[in-house]
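Asker: Sequence:
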Amino acid sequence: MINITLPDGSVHQYEAGVTPLDIAKSISEGLARNVLSAKVNDKVTELNRPIGDDATVQLLTWNDEDGKHTFWHTSAHLLATALQELYPGIKFGIGPAIENGFYYDIDFGEHQISSDDFPKIEKKMQELVSAKTPICRREVSKAEAMAEFGGRGEVYKTELIEALEDGTISFYESGSFTDLCRGPHLVDFSPIKAVKLISLAGAYWRGDEHRPQLTRIYAISFPKKKELDEYLAMLEEAKKRDHRKIGREMGLFMFNDMVGKGLPIWLPKGTDLRLRLQDFLSKIQKRYGYKQVITPHIGGKQLYVTSGHWDHYGADSFRPITTPEEGEEYLLKPMNCPHHCMIYKNEPVSYKELPLRIAEFGTVYRYEQSGELHGLTRVRSFTQDDAHIFCRPDQVKEEFIKVMEIIEIIFKALSFENFEAQISLRDPNNTTKYVGTDENWAKAEQAIVEACQEKGLKARVEYGEAAFYGPKLDFMVKDAIGRRWQLGTIQVDYNLPERFGLEYIGSDGQKHRPVMIHRAPFGSMERFCAVLIEHTGGKFPLWLTPEQFIVLPVSEKYLDQAQSMLRRLEELGLRGTIDQRSEKIGRKIRDAELAKIPFMLILGEKEIEAGTVSVRRQGAGDLGSMTPEAFAQTIEGEIAEVMK
RNA sequence: GCCGAUGUGACUCAGUUGGUAGAGUAGCUGAUUUGUAAUCAGCCUGUCGGGGGUUCGAGUCCCUUCAUCGGCUCCA
75 MINITLPDGS VHQYEAGVTP LDIAKSISEG LARNVLSAKV NDKVTELNRP
125 IGDDATVQLL TWNDEDGKHT FWHTSAHLLA TALQELYPGI KFGIGPAIEN
175 GFYYDIDFGE HQISSDDFPK IEKKMQELVS AKTPICRREV SKAEAMAEFG
225 GRGEVYKTEL IEALEDGTIS FYESGSFTDL CRGPHLVDFS PIKAVKLISL
275 AGAYWRGDEH RPQLTRIYAI SFPKKKELDE YLAMLEEAKK RDHRKIGREM
325 GLFMFNDMVG KGLPIWLPKG TDLRLRLQDF LSKIQKRYGY KQVITPHIGG
375 KQLYVTSGHW DHYGADSFRP ITTPEEGEEY LLKPMNCPHH CMIYKNEPVS
425 YKELPLRIAE FGTVYRYEQS GELHGLTRVR SFTQDDAHIF CRPDQVKEEF
475 IKVMEIIEII FKALSFENFE AQISLRDPNN TTKYVGTDEN WAKAEQAIVE
525 ACQEKGLKAR VEYGEAAFYG PKLDFMVKDA IGRRWQLGTI QVDYNLPERF
575 GLEYIGSDGQ KHRPVMIHRA PFGSMERFCA VLIEHTGGKF PLWLTPEQFI
625 VLPVSEKYLD QAQSMLRRLE ELGLRGTIDQ RSEKIGRKIR DAELAKIPFM
675 LILGEKEIEA GTVSVRRQGA GDLGSMTPEA FAQTIEGEIA EVMK
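The numbering used here applies: residue 75 is where the first sequence begins, and numbers increase by one.
Among the hints, erroneous ones may be present.
[Stated by the list, open to error] Label-pair distances were calculated between CB atoms; the ranges are:
id, residue 1, residue 2, range
1, LYS313, ASP353, 30 to 36 Å
2, ALA694, HIS86, 52 to 58 Å
3, PRO208, LEU105, 17 to 23 Å
4, ARG534, ASP116, 18 to 24 Å
These are calculated hints, taken from the structure and not from any lab test. Quick caveat, the model's predicted, so the values are computed rather than measured. Ideal Cβ positions, reconstructed from N, Cα and C, are used throughout, including at glycine.
Put together the whole structure using the sequences plus the hints.
Answerer: As structure tokens, then:
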């Protein structure tokens with residue numbers, strides 16, 4: 075007999091060789107029906123793998139991330155099995171579970187495939203599910219594995235096997251399909267009741283653009299048909315929050331082919347919103363001792379040769395601008411740092427002046443690959459809420475904390491709660507590719523980690539993700555359909571101060587090299603606004619929204635009074651417009667509701683006599699009538715609540 | 001840049017096996033003067049993304065190019 079410890083701490087005795095499924099059955103039939111895989115001593119395994127010794131066991135269902143993972147991983151095998159039967163001779167890459175569903179990378183060789191083939195593939199998958207095709211694990215030696223896959227010409231699989239250690243290799247068989255796989259899997263396909271192929275995409279083998287491009291099929295599956303329907307409905311809902319759609323509908327921004335792809339144009343309302351965000355940040359920055367500057371949109375080529383950017387990115391960027399003067403060349407600025415370095419160099423700097431914080435809403439131009447452009451989140455011209463902090467090495471941590479505070483204030487004011495933070499550090503096994511001394515790196519990395527600890531910020535640490543010039547801390551937020559975008563960033567830079575020969579005079583009278591910190595709490599105004607639109611669905615916070623209210627006169631007879639009401643409210647510090655059309659009030663309300671204007675102020679005979687307006691809240695309905703002063707107070711009160 | 005898809009009036013979309021473009025919304029004009037989510041009538045709107053080809057005839061088929069969408073790669 076062996077002792078099995080369950081998550082609640084209870085210990086049960088079973089025969090040696092008991093399987094997780096047996097354990098589930100002994101607990102309840104319902105659990106046995108829903109269990110997908112099990113965590114045995116913290117390792118996820120399949121339900122039919124015998125347990126030989128005392129162990130802690132956690133039974134995993136759809137509600138556990140690991141259970142879901144098993145489900146989707148098996149679904150990927152289901153997809154592969156179906157494809158193997160439909161398209162003999164295709165070669166398989168990899169097929170993992172992902173955040174939402176799974177994919178399989180396949181070299182279709184001669185076969186042509188398009189999304190028109192999806193129904194056929196889905197049907198084949200359903201057949202395999204109905205047949206309760208079992209999935210069997212088999213451990214093989216490296217030689218056997220190579221022989222089996224090599225014999226079939228599975229070049230991708232053999233490459234994977236190459237890299238594996240003998241004795242750790244396992245196969246999973248389902249129907250006619252055998253896959254190299256660590257597992258674990260469901261014991262058969264039958265729990266996969268609903269499956270949907272989502273999209274087709276090209277994906278380079280091992281993510282390397284110099285290697286063959288495989289066809290990736292994205293799909294998702296669920297234990298219940300209803301869950302699939304709900305998921306698809308959720309995706310539809312998310313599409314309604316797409317910033318590209320809302321941006322057009324609300325008149326926030328536009329694109330135009332003649333202006334050029336990836337070059338956004340901010341329309342009046344979008345500009346209003348953006349400037350309000352910029353003002354908000356500017357005020358905070360002033361409090362934190364930043365000096366605001368303005369620099370040109372172009373810079374001499376030599377500036378970027380000195381900074382190193384020309385060597386690094388020159389070939390893949392906008393071409394230099396030439397002039398009638400022989401040899402004169404300028405670049406559209408891809409970043410603001412070199413200009414700011416020149417500001418630093420303009421006068422000798424004493425240690426007493428540090429940290430020096432130079433801020434600019436700086437518009438930069440980057441020649442992003444055309445396939446990568448995406449609404450406002452990835453563009454070729456964008457404005458960074460940039461600043462560069464020049465400080466002594468011992469000030470890095472304190473400055474980091476101050477920047478984190480600014481980001482905290484902003485995210486709080488906009489209710490960005492579900493962000494992720496990532497600390498990117500050096501690859502400890504390969505320190506040669508980085509510039510700067512070991513001592514400084516160690517100091518800066520430690521400063522970042524400690525700053526996060528002190529601020530109580532939970533950040534994921536990634537080794538090898540640092541830029542060659544320094545470690546960084548990034549803030550990521552998801553968009554409507556779950557894509558992650560990097561917004562705020564704080565980066566330490568040892569490179570530019572070196573290249574530009576920046577120095578300050580220390581208390582010892584000697585010259586020293588300052589550390590430079592790049593930081594952008596929003597990241598860029600474009601991307602930030604895009605994510606903000608998707609988070610709010612266009613219902614912006616009152617302090618930010620371009621139009622806080624719209625006056626709706628009941629008939630054209632009251633237009634004059636509407637005008638004076640608007641003036642009165644503007645005097646009280648609010649902003650809004652009047653619906654002057656000769657439409658019925660119901661129509662005006664409908665249009666204002668759809669335009670997501672927070673407050674509708676209805677003005678008719680009753681209100682004019684009483685000197686009030688009837689207030690209607692977008693999405694919430696009639697709030698009754700009040701004086702303009704009382705209305706202004708309501709709005710101010712709400713704003714103060716958020717901003718405190 | 002690569003893989004796949006899409007492109008019809010300002011917007012959303014229809015347009016059978018190729019037969020010479022249509023609806024709703026928006027806009028304009030007029031009537032209506034309206035009380036909490038769509039007043040009525042009339043009018044206008046298109047090189048069917050661009051270019052080339054096949055055909056008696058192309059929005060429909062082919063080639064090419066541009067843009068957009070979903071991914072990959074990249075992202076100072």
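Asker: Confirm or reject each hint.
Answerer: Now the hints, each set against the structure:
The given range of 30 to 36 Å is respected by LYS313 and ASP353, whose C-beta atoms sit roughly 32 Å from each other. Checking the proposed 52 to 58 Å range against ALA694 and HIS86 shows it holds: the Cβ atoms sit about 54 Å from each other. The supplied range of 17 to 23 Å is met by PRO208 and LEU105, whose beta-carbon atoms lie about 21 Å from each other. Checked against the given bound of 18 to 24 Å, the beta carbons of ARG534 and ASP116, roughly 20 Å apart, stay inside it.
The earlier numbered hints are all upheld by this structure, with none contradicted.
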